[in-house]
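A.B. asks: For the sequence shown, our numbering begins at 44 and goes up steadily by one.
Hints are computed from structural coordinates only; laboratory data are not their basis.
Derived EDC-like pairs (lysine to aspartate or glutamate); straight-line CA-CA distance at most 16 Å:
no., residue 1, residue 2
1, Lys179, Glu99
2, Lys81, Asp187
3, Lys81, Glu183
4, Lys117, Asp187
5, Lys81, Glu175
6, Lys132, Glu99
7, Lys167, Asp189
8, Lys81, Glu123
9, Lys130, Glu183
10, Lys191, Glu173
11, Lys167, Asp87
12, Lys132, Glu173
13, Lys132, Glu175
14, Lys130, Glu173
15, Lys130, Glu99
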Amino acid sequence: MLNPTPRRAASGILLFLPVLLFLVGCGPQNTLGRLPVKGTVTLDGAPLESGSIQFESQASDTPLNSGSVIEAGKYEIPAEAGLLPGKFKVLISSSGGTGETIADPQMAMDAASAAPEANRVPAKYNVKTELEADVKADTENVFDFDLKST
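Using the sequences provided together with the hints, build the complete structure.
C.D. replies: Listed below in structure tokens is the structure:
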């Protein structure tokens, strides 16, 4: 008999269903075409021990922002949380010696804005930023920032 019983057909489907769900779950998560971004941040020539970096879109048609924590002068934003091609304002912040690390970049920027005197990084690099980045699809997006405290 080549005709399977309904019970066998149902059990075959149940066995195949987890495999199908696994394959769907492992599919590409980057449906917007986001790009990874990474780089280094120094303050007066030394790596910025800790802080946050935020990229804010300058284009109204691509209002996709992202950020990262800075540790030992390095930051990295993976493609899943990355940026679309375009020009971005860059905001860098670091709390001034409280010893407290704020892991969420947006919360760190909010804390720096609320208490600018506690921010070790001058305002021209955060609340009054002069920093920019141009994210491009056809290149590795590495942005290094050499900040000066004076």
